[in-house]
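Chemist: Starting from the given sequences, assemble the full structure and let the hints guide the process.
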Amino acid sequence: MAMQALTRCNAGQATAGRNDMAVLTVKDLRVRYSAKGPEILKGIDFEVEDDDFLAIIGPSGAGKSTLIRCVNRLVEPSGGSIHLLGEDVCSLNARALRGLRRNVGMIFQEFNLINRMSVMDNVLSGRLGYTGNIRSLFRAFPRKDVEQALYYLDRVGLSDHINKRADELSGGQRQRVGIARALMQAPKLLLLDEPTSALDPKISREVMALIRDIALELKVPALCNIHDVQLAKEFCNRIIGLQDGYKKFDGATDTLRDSDLDDIYAMEVL
Amino acid sequence: MTEQMPAPRPSDPPKWSRYQYPESLIKHGTLLAVLLFLGYSLHFLNVDIGLLIGALGRFAGVISERYYPPDLEYVLDRGYLEAILDTLQMSFLGGFAGVCLAIPLAWFSAWNVTPSRRLFFPIGRLGVISCRAIHETIWTILFVSVLGFGMLAGVSALTMFCIGFAGKLFSDEIEAIDMGPAEAMRAVGANPFQVFLFAVVPQVRVAFTGIAIYTWDVAFRAATVVGFFGGGGMGWYLKRNVQQLENLRVAAIILSIIAMVLVAEFLSGWLRATVNRAK
Amino acid sequence: MAATDVNPTALSLQADLRRKRFLKMGLIWAIVLFFVAWCLQGTIIEDTDWARVGGRSGVLGSIGRYLTLDWGLLPELLIPTLETFMMACVGTVVGCFFSLPVAWLGAANVTPSKMILYPLGRFLMVLSRSVHEIVWALIFVSAVGLGALPGILAIAMRSVGFISKITAEAIENIDAKPVEAIRAVGGNQFQVMYYGILPQIYPVVLATVIFEWDINIRRSAVMGLVGAGGLGLLFFRQMNSFNYGGVSMVILAILLLIVLGEVISHYLRKAVI
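As they're listed, the protein sequences go chains X, A and Z.
Per our numbering: the first sequence = residues 1 to 270.
Per our numbering: the second sequence = residues 1 to 279.
Per our numbering: the third sequence = residues 1 to 273.
Simulated from the structure, these hints should not be mistaken for laboratory data.
Just so you know, not all the hints are guaranteed correct.
[As the list claims (entries may be wrong)] In silico DSSO-like pairs for lysine-lysine, Cα to Cα no more than 27 Å straight-line:
1) K233/X to K27/X
2) K219/X to K144/X
3) K202/X to K233/X
4) K202/X to K219/X
5) K219/X to K188/X
6) K233/X to K219/X
7) K248/X to K27/X
8) K114/Z to K188/X
9) K164/X to K177/Z
10) K202/X to K177/Z
11) K270/Z to K164/X
12) K219/X to K164/X
13) K114/Z to K177/Z
14) K42/X to K27/X
15) K27/A to K15/A
16) K233/X to K248/X
17) K168/A to K114/Z
18) K36/X to K114/Z
19) K144/X to K202/X
20) K27/A to K114/Z
21) K164/X to K168/A
22) K42/X to K248/X
23) K27/X to K188/X
24) K42/X to K233/X
25) K188/X to K144/X
26) K15/A to K144/X
27) K164/X to K15/A
28) K144/X to K164/X
29) K219/X to K27/X
30) K36/X to K248/X
[Said to hold, decoys possible] Not the full set, but computed from the structure, chain A residues with beta-carbon under 10 Å of chain X:
31) K15
32) W16
33) S17
34) R18
35) Q20
A virtual CB, placed ideally from N, CA and C, is assigned to each residue, including glycine.
Modeler: This is how it looks when you write it as structure tokens:
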């Protein structure tokens, strides 16, 4: 199934024509954090299709994190448009934005767990978008959610740590909690912000494999920031190369040449 | 590579409950006990909960009705301005004497450098704790009954208060020092006093200065009320007008207290920042 | 010897530096001592009626009156001690309730309006701390009458400043990452606060509340002096009837209560952290 997904996509089509199947369409995206500050993203266009596992690579400071945070508007874009699941992200009001965000699972570089809560509560917090205030006040999540959480905890291999506090776990285990939390949202798109850069190489590979397998299993497209080109080549079917706010490369993984990499990472040599 | 798992739920749902036998029971039991105690306290103290909730609304009403407008002319009166100066002097003197006495006591009561753990440590600890435990108003009343009305009693009470306040902070500061220099001094054969002078004082000098300034700030707040119990200063005016039900004057006095305390706080903040910069 | 090799200019520079520092410190001390002398003159020397103090024997005599304890007062102490303790507990809890909104207004990163409500929150914090608990009690006695209620409210008001200040600082220093995560799963404002902020600040807040509760026992012991019941009232009565042995008994009761409070708060703080 993974191979299918990898071979299906070909570079030319993905960028050339606008495809109605696209889950996410980003057009001419521009971001600056303050009116006088430098532009972080300088007009980015790309699309994510419903079976993509798309990697964004580039040197640090290229705007990878900013790009991925624009998709669910954790960072406000200052120009361009983003269409996600048929909705114009930039025009949503706060309430509609929350409704959209609960459909987008996000996995963070530093896991972003609530350290003083138990693993179970952390995973259940993925359902907050579907839970009312009174239920959240008493942490009384529906039976169905609890069962779902138990299933995903088992799936990521944390069945033995359900009642531990999140800060008692190792890095790899914490990221697995983060994955389970994102899956609890029943996401229609996964955003991965450097999911492995706080982990050592062996654990990184395991975590990436887990995410990729689950994404394929649930047929969820994923958009993944990654600084490790080897990992990107190994796990992703398509790669976007960013450099200093510009898109330098966009195509299937097997079309990525060493010369492209030199181009993307040119700044880092200097 | 990937095992197919179309059903996201296994046939036999595993069990999990937020409530675990001993921990949850203890936690919620304690919470319940505390709530019951608080409820019983309200009953025991004859506090009407409705009154408690309504108190803030009434509070605003009472303030606007009785205390407005404050009689500002009264606080600009010469006698009152002199009382403010007295208060300032009392707090300064009390703070100074308190800090001077607190330093040796803090030295005695710091476990790591105390001259004798058997003899001086308990003396220092007891001194600081008893000064701290008794509220400054009680000290004032006691000193007034021994020394008579006036600022001598007020200054003595403030001194006791400052010993307790500064002594605790000082000894905490001393206990946090790097023990390396103290060991070195002991190794060259210094006696405890020399260790204190050469190993402790250089490390805590800046912190002590900051604490001393803060102590004055806190002493000033306390000094505004010692007069209420016969210790001299602004508090005496407060007491007289409270007893005569001169509410507008009371309002003005309270406003002047707030203003003076704000000035003192600002001044002490500025001084502490200066000391920290100059270190 | 090595000492003879020292460069003479370096030596004189060193001496110069020392002299400058010495002058500066000397100046500061001179100012402080001058102030002390001035204050001594103004407050103690001019103001004290030394005849009334009555020399060494007079003072020692007055102190001696306190040393004959009045054990007969023992049964009367129990209820006021309990009242004082309860007043401190309830006052602290009420203070916590008042502190929440103040901390919310006064924390720069969550305040609803930076221009108006943030300064208001900060002002309330300063106001609460700058007014002495006796003054708060006087205000509340005149607002709600005699009894435990004004004492509770005075303690609560006095606690608001410190608790809300520390809470606001804790809110300002939280780790933004869990907050971002809760926003990313689609949590609303309440859920962000309850799941993202609260778990991070509650150990700090709880420790502060316990600390404040410890101090509030001291405060509630004097509330009776202005008409709010408890040990202070008993103290006042003993003082007015010149029963100095009884006064000492009340002070002993206060000390006992405070030691008890300190022991409890020591263990509570350990349990929280």
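Chemist: Each hint should be assessed against the structure and marked as holding or not.
Modeler: Hint check results:
no. : hint             : in the structure
1   : K233/X to K27/X  : 25 Å, holds
2   : K219/X to K144/X : 21 Å, holds
3   : K202/X to K233/X : 16 Å, holds
4   : K202/X to K219/X : 26 Å, holds
5   : K219/X to K188/X : 9 Å, holds
6   : K233/X to K219/X : 20 Å, holds
7   : K248/X to K27/X  : 15 Å, holds
8   : K114/Z to K188/X : 37 Å, violated
9   : K164/X to K177/Z : 20 Å, holds
10  : K202/X to K177/Z : 25 Å, holds
11  : K270/Z to K164/X : 20 Å, holds
12  : K219/X to K164/X : 31 Å, violated
13  : K114/Z to K177/Z : 23 Å, holds
14  : K42/X to K27/X   : 11 Å, holds
15  : K27/A to K15/A   : 22 Å, holds
16  : K233/X to K248/X : 16 Å, holds
17  : K168/A to K114/Z : 37 Å, violated
18  : K36/X to K114/Z  : 22 Å, holds
19  : K144/X to K202/X : 34 Å, violated
20  : K27/A to K114/Z  : 38 Å, violated
21  : K164/X to K168/A : 38 Å, violated
22  : K42/X to K248/X  : 12 Å, holds
23  : K27/X to K188/X  : 20 Å, holds
24  : K42/X to K233/X  : 25 Å, holds
25  : K188/X to K144/X : 19 Å, holds
26  : K15/A to K144/X  : 12 Å, holds
27  : K164/X to K15/A  : 16 Å, holds
28  : K144/X to K164/X : 21 Å, holds
29  : K219/X to K27/X  : 24 Å, holds
30  : K36/X to K248/X  : 25 Å, holds
31  : K15              : 8 Å, holds
32  : W16              : 6 Å, holds
33  : S17              : 9 Å, holds
34  : R18              : 7 Å, holds
35  : Q20              : 7 Å, holds
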